[in-house]
Amino acid sequence: KHGYAQLVRSCGSPRDLQRAIAIHAQIQASQFRHDRFLANLLVEMYGKCGSVADARRVFDSIPDPNKFSSTLMIAAHSQHGQIVQARELFDRMPEKDTVTWNGMARAYAQQGHLSEAKELFDRTPRRDVISWTTLVLYFAHYGRLEESWRSFHRMPKRDTMASATMVAAFAQHGLVEDAKSLFDGLPEKSLVAWNSLVQGYVQGDLDEEATAMLERMPEWDIVSWNTALQSYVDLCDFDRARDIFRRIPERDTMASTAMIQANGQSGHLDDARRIFEEINFKDLVSWATVIVAYANNGKILEADEMFKKMPLWNLWSSTSMMGAYAQRGNYSEVERMFASIPDRDVICCNLMLECYAQDGKLKDAVKIFERMPKHN
RNA sequence: CCGUGAUUGAGC
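Letter by letter, the first sequence follows residues 297 to 672 of the numbering used here.
Do not take every clue at face value.
[Said to hold, decoys possible] Quick list of simulated restraints, FRET-style, between CB atoms: (1) 573 with 653: 33 to 39 angstroms; (2) 477 with 327: 56 to 62 angstroms; (3) 359 with 439: 43 to 49 angstroms; (4) 638 with 310: 16 to 22 angstroms; (5) 456 with 546: 36 to 42 angstroms; (6) 455 with 327: 26 to 32 angstroms; (7) 610 with 671: 18 to 24 angstroms; (8) 546 with 641: 32 to 38 angstroms; (9) 515 with 477: 19 to 25 angstroms; (10) 487 with 439: 23 to 29 angstroms; (11) 604 with 312: 24 to 30 angstroms; (12) 422 with 570: 52 to 58 angstroms; (13) 604 with 548: 23 to 29 angstroms; (14) 477 with 604: 49 to 55 angstroms.
Read the hints as simulated data drawn from the structure, not as lab findings. By construction, the Cβ of each residue, glycine as well, lies at the ideal position given by its N, Cα and C atoms.
Model the full structure from these sequences, guided by the hints.
Rendered as structure tokens:
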């Protein structure tokens, strides 16, 4: 049973879905077919692997779901934006505990339904540090820093994560002074708080302060390395970026993606491509980044080749490819791609708008402008 | 034996 549990837990992302299905089948064929503990883990697994439908099927097959089952199912629904289904389950649960309440509040908050989240928070019977941290995080995330800070202040007990959340909130909103003074007063300074502060300095173009903090840090984790790397990439300082990249002990996909970008900026397309090929887990972002690197250097054929090779397209990858055609002035291809994108956002529409404008197609430009879901 | 919270990468 613990062997199965381990197997199930090893599937944590959509790329594991095939294996997940196989493991599920194996459990079905075993003596643990009706085991609730394993079923709960399967619900969680399918949620993480991106198949809510399968998660729900497993959940519905549990004769006597316990609160773990339900809380996991709520999480699966909300991870996929199915807040109504999540709430339905939540309302039907006989025994809810703090974890359940926190999970439901977070589901609302993530979707930007902050008043619903706050209402749930207010009704939570035994609020804990996580309930409060969720408020701090999402108020900040949606730019409501006053309320974020007030929640932080009203917290009866703060822990390291709560404090780090607040430091990051300040840093991300250009309030790096406030971030710093909060940070200085912290009894326990987590690496996350250090990293957030450095990112605040980088964002504020305070490079000396950022460097000073990086040097004073007790240790670096992969995020620290990537933060340093990305700051040089943003400054188009290829040599320092490469130096950092080479010194990273264990590079992840984000590090490689940043370095692909750096190589693209400097026209080193072969190096960009080599780093891309060496990535173990190529994701949509790394694919899109190579495409942009090729496009920015006028290599439309290579960009197109990569685009066609991608295992999966999303809005960002398609918009990147549209941008590649736009650069070459191939407006008919831009138009064709635009038409094929179902979930266009502002950036995508702006790009189309700009192409029509460049192309002198004023009427089409006006039409796009008027039909855009949002303007900026 | 199972459930909730923090920091890093791409497109106009």
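The hints, checked one at a time:
Distance hint check for residue 573 and residue 653: the Cβ-Cβ separation is about 38 angstroms, which falls inside the suggested range of 33 to 39 angstroms. Judged by the Cβ atoms, the range 56 to 62 angstroms given for residue 477 and residue 327 holds: they are separated by roughly 59 angstroms. Here the CB-CB span from residue 359 to residue 439 is close to 46 angstroms, well matched to the stated 43 to 49 angstroms. In this structure the supplied range 16 to 22 angstroms holds for residue 638 paired with residue 310, their Cβ-Cβ distance being about 19 angstroms.
A hinted range of 36 to 42 angstroms for the beta carbons of residue 456 and residue 546 is inconsistent with their spacing of about 24 angstroms. For residue 455 and residue 327, the hinted distance range of 26 to 32 angstroms is not satisfied, since their beta carbons lie about 42 angstroms from each other. Residue 610 and residue 671 have their C-beta atoms about 23 angstroms apart, which keeps the hinted 18 to 24 angstroms range intact. At about 34 angstroms, the CB distance of residue 546 to residue 641 agrees with the hint of 32 to 38 angstroms.
For residue 515 and residue 477, the Cβ-Cβ distance of about 23 angstroms falls inside the hinted range of 19 to 25 angstroms, so the restraint holds. Our hint of 23 to 29 angstroms for residue 487 and residue 439 holds, since their Cβ atoms are close to 26 angstroms apart. Restraint check, residue 604 to residue 312: a C-beta distance of roughly 25 angstroms satisfies the suggested window 24 to 30 angstroms. Against the hinted window of 52 to 58 angstroms, the Cβ-Cβ separation of residue 422 and residue 570 comes to about 54 angstroms, which satisfies the hint.
For residue 604 paired with residue 548, a C-beta distance near 26 angstroms keeps the hint of 23 to 29 angstroms intact. As the Cβ distance of residue 477 to residue 604 is approximately 52 angstroms, the hint placing it in 49 to 55 angstroms holds.
Consistency with the previously given hints fails for numbers 5, 6, ordered from lowest to highest.
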